[in-house]
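Engineer: Guided by the hints, dock chain F onto chain V, whose structure is given.
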Amino acid sequence: MTLRTQMTTDATTVFMVDGDFKESVSITYHPHRYYGATLRADRTIDAVIERQRISVLSGDGDTVAPIWILHVANDSTLGISSDELDLGGDAVTISPRDGDTAERRSITELLSQDHAMLELEVR
Amino acid sequence: MRPVSERIALVLFDRLQELAAQLNPNTVVSEVIRPTRMGDFTPKHNQIVMVQDDPVIDPVSSHPGNPPAIAWLQRFKVHCHVMPSEQDPTTLDELLNTFVADVIKTVTVPQAGWHNMDGLAINTTIEGFERIPPDGSFAGMTIVFAVLYRTDETSPYVVRA
Numbered sequence: 001m002t003l004r005t006q007m008t009t010d011a012t013t014v015f016m017v018d019g020d021f022k023e024s025v026s027i028t029y030h031p032h033r034y035y036g037a038t039l040r041a042d043r044t045i046d047a048v049i050e051r052q053r054i055s056v057l058s059g060d061g062d063t064v065a066p067i068w069i070l071h072v073a074n075d076s077t078l079g080i081s082s083d084e085l086d087l088g089g090d091a092v093t094i095s096p097r098d099g100d101t102a103e104r105r106s107i108t109e110l111l112s113q114d115h116a117m118l119e120l121e122v123r
Numbered sequence: 001m002r003p004v005s006e007r008i009a010l011v012l013f014d015r016l017q018e019l020a021a022q023l024n025p026n027t028v029v030s031e032v033i034r035p036t037r038m039g040d041f042t043p044k045h046n047q048i049v050m051v052q053d054d055p056v057i058d059p060v061s062s063h064p065g066n067p068p069a070i071a072w073l074q075r076f077k078v079h080c081h082v083m084p085s086e087q088d089p090t091t092l093d094e095l096l097n098t099f100v101a102d103v104i105k106t107v108t109v110p111q112a113g114w115h116n117m118d119g120l121a122i123n124t125t126i127e128g129f130e131r132i133p134p135d136g137s138f139a140g141m142t143i144v145f146a147v148l149y150r151t152d153e154t155s156p157y158v159v160r161a
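Just so you know, the sequences run in chain order V and F. No gaps in the numbering here: position 30 of the first sequence is 30 in the numbering used here, and each next residue is one more. No gaps in the numbering here: position 34 of the second sequence is 34 in the numbering used here, and each next residue is one more.
Derived by calculation from the structure, the hints in this document are not laboratory data. Since the model is a prediction, treat every value here as computed from it, not as a measurement. Be aware that one or more of the hints could be misleading.
[As the list claims (entries may be wrong)] Computed beta-carbon distance windows for the label pairs:
| # | chain 1 | residue 1 | chain 2 | residue 2 | range |
| --- | --- | --- | --- | --- | --- |
| 1 | V | Arg97 | F | Pro67 | 31 to 37 Å |
| 2 | F | Leu10 | V | Asp83 | 44 to 50 Å |
| 3 | V | Ser112 | F | Gln22 | 33 to 39 Å |
| 4 | V | Gly19 | F | Glu6 | 33 to 39 Å |
| 5 | F | Asp14 | V | Asp62 | 20 to 26 Å |
| 6 | F | Gly113 | V | Gln113 | 49 to 55 Å |
| 7 | V | Thr5 | F | Thr98 | 45 to 51 Å |
| 8 | F | Gly113 | V | Ser82 | 49 to 55 Å |
| 9 | V | Glu103 | F | Leu10 | 23 to 29 Å |
| 10 | F | Ser61 | V | Leu39 | 54 to 60 Å |
| 11 | F | Lys105 | V | Glu103 | 30 to 36 Å |
| 12 | F | Asp54 | V | Met7 | 48 to 54 Å |
[Unchecked claim] Covered stretches of chain F (chain V as the covering partner; in silico rule of three or more C-beta atoms under 8 Å from a C-beta of chain V):
| # | stretch |
| --- | --- |
| 13 | 72–86 |
| 14 | 129–141 |
Don't be surprised by glycine CBs; every beta carbon is placed ideally from N, CA and C.
This is chain V alone, in the form it adopts within the complex (with noise of 0.2 Å):
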């Protein structure tokens, strides 16, 4: 097995294992239609997310906003494709802080990605 696809099965199989890294309550991914284009259907996939710092807009400079760091598996089943990923309408539904009612939030920024894995902001 080379190590890229290693990588690629411990990001389902180590970080979106139930009981260690991985949200407890599964999240939906609300992938964006844009007009003519086929609809995709929302769906659950796994993330491990880091949460809810408080940030300045760096474009108003003058506005807060909190940020959500996701990590998800490059995948279109499990997680989100790098592929299909639209940053201009794509959100998910996630809990503000653990436990709380889940809120839709914009995927704002792919900060990182390979071919395991995603890291994206969401705000």
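Structural biologist: Just chain F now, with coordinates in the frame of chain V:
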């Protein structure tokens, strides 16, 4: 009764809300936000976030009396956020030109008296635009409205002529 500053903010906010009522055929505004301390909103395409700058006393427009009338210059920043789909071929400049035009067209109604903010202000001017640089998440344009109004020196709740 709310302070004059807040009543003016609500007038501006209500006018911006008309864009969110989706009556405008060009820019379909998703929502208009006045953020909380924790910034409880998520960036969206065609979103407006309205915030205030520090109020400044305008000594030229203030006048004596008992109590004196203090003139305040209050700047409101209207951040127009765009976050179009990656599949959207529309240029960023086109989106922003249209968004800004629609905001100005909506806020300046009625044409003859928009500047007095429903009788609460002496004057309102469109002071300028500032581009929100794209940082990988959203881009946009900030429109600054400067509202000049007077209150009693001793009560910011009372509008003075």
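Engineer: Hints numbered earlier in the text: which of these fail when held up against the supplied structure?
Structural biologist: The structure conflicts with hints 1 and 4, although it agrees with all the remaining ones.
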